[in-house]
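Given these sequences and hints, build the entire structure.
If you're matching them up, the sequences are chains A and B in order.
Count along the first sequence from 1, add 317, and you get the number used in the numbering used here.
Count along the second sequence from 1, add 32, and you get the number used in the numbering used here.
Hints should not be assumed to be uniformly reliable.
[To be verified] Examples of chain A residues lying across from chain B (beta carbon under 10 angstroms, computed): (1) Thr-334; (2) Ser-343; (3) Asn-579; (4) Thr-591; (5) Ser-595; (6) Ala-627; (7) Glu-629; (8) Ala-632; (9) Ala-639; (10) Gly-640; (11) Glu-642; (12) Asn-678; (13) Asp-689; (14) Leu-693.
In short, the hints are calculated from the structure, not lab data.
We put the CB at the ideal spot given by N, CA and C, even for glycine.
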Amino acid sequence: MALSLLQPGAALSAEWTAPEVDILRSLWIGTLGPPPPDPTNAVADDPDAAAMGHRLFFDTRLSRDGNIACATCHRPELRFADGLPKGVAIGMTKRNTPGIIGAAYSPWLYWDGRRDSLWSQALSPLEDPNEHGGNRMQYVHIIANDPGYRRSYEALFGALPDLSDAGRFPEDASPLGNDTWAENWRQMTDEDREAVNRVFTNTAKAVAAYERLLLPAPSRFDEYVAAVTEENEEQKNAIFSDAEVAGLRLFLGGGNCTQCHNGPLLTNFEFHNTGVISAPGDVPDKGRIVGVDQVRADPFNCLGDYSDAAIENCAELRFVRAGTELIGAMRTPSLRNLENTGPYMHQGQLETLADVLAHYNAAPEAMIGHSDIEPLGLSDRELEQLEAFLLTLAAPAATSERWLNPPAADTPHPHGD
Amino acid sequence: MLTKIGRTGSALVCLLMFLMNPAAGDAAETSDGSTPVDSEQGLFKVSYRSSLEPIVINEMHEWVLHVSTPDGQAVDDASISIAGGMPAHNHGLPTNPQVTENLGNGSYRVEGLRFHMRGDWEIVIDISAGEQADRVRIAIRL
Ligand SMILES: [Cu+2]
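Structural data, given as structure tokens:
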């Protein structure tokens, strides 16, 4: 940096050293590739499963009151987030709704990583009283009674169990949820419960296949990196303003941002305590230290009976770490798509990007655990430059319109497409 | 892990090593894996081969460690535990790597390695075999 300042006449901000270019390329979407395979889900990349999942994702019948779908909170027009501090459906959830574009790349789901696959994640909101609020038995009946779902399901996973005996398969039952549902579940035989869990998890695997299509597209930042790689000065200057270049420099340098926001999704998918103060009235969120125990205990995790993975494919779970560093730690979010996904942080505590950057600049002591960040001492102007850079990472999803809108009500059997 | 060796003894050796080689402990010296690294007390030599070559961040991978005595004899019956982190950032490893297989001939499979930042890392390997226990520090720059 000091050197380039000494070069008279050089377009000062536009010079990148070879190691810097190397880092820039590591953030470039061109190095992303397709989502990693999901060995826990045998239909992860099956287009028919994705078509079924697409319907499920937008289907409000999958809820206690008939009004809530995944898309109620994960709104396509808001990059699959909701613009609220915390997610709201039947009730208010404890955390901010993340956009789910690119979620298929993460080994852990949720801010605290308490799930380890997209499908095991999808089971939770369906039974959470603040979210969809229903129960697995109810959903399994919906799949069996809807001719379209039944056809798709049986083509993908084989015959549905015969659910006609209301004594064996009541309307509502789940080990989670209210007392009646739990009692109904308790009364069922092991085999019947296993049959219901099987349909419930297969259904979630179809939702996961759909989510795997929600992918990030190249942003202006990616065009800039391409121009840097090609050493195309004219392009570089046309794509990025001086402020954006200066912001990028701070992102790589004095801001230390790439310690955690690295790789082509601008996240290492790891857990860090960054000392974000909890929302007024909320106790500090313990984050990963609780999430790690939950994912280990989850019957639907990579090593569980409903996972299609062999044990060798569960390295993340088998070698997961615990320990005090995880107190108050949250999974680093991707920084692609910040322009309309605020408010930010795990409880939507910080309203604007300027608030987020002020937080990093001050780096307050963590309320619980130990913060991984240190004060930056950046000027107001530098913070503005950083913000200008962050906004260059935005881009619409690289997913065709068809998948971004609810499927037409009369969508025929997916084999017709 | 160093229980078998007196604390004073190990502190002395550290001091001596430091005096002989002021760069010791400077993580900037990256080991390429194939050149064996001496353990702190000089009881073992350790080399490794990574399934990811070169090692990059954010990818789960495994290593095969090779443990020998200073004169090159394979150490077959070692029990080994792995820790480490980024000394400059004061944090540990993002995973909990473990030896999952004794491959014989002094070789051991370590699964569950992943690094989540660029910079200087240190892998700390505690080895005990028979009456002997010692620690090896492997420096990696990513
Ligand atoms: Cu670090």
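(request) Check each numbered hint from earlier against the structure, then list the numbers of those it violates in ascending order. (result) Per hint list: 1, 4, 5, 6, 12 and 14 violated.
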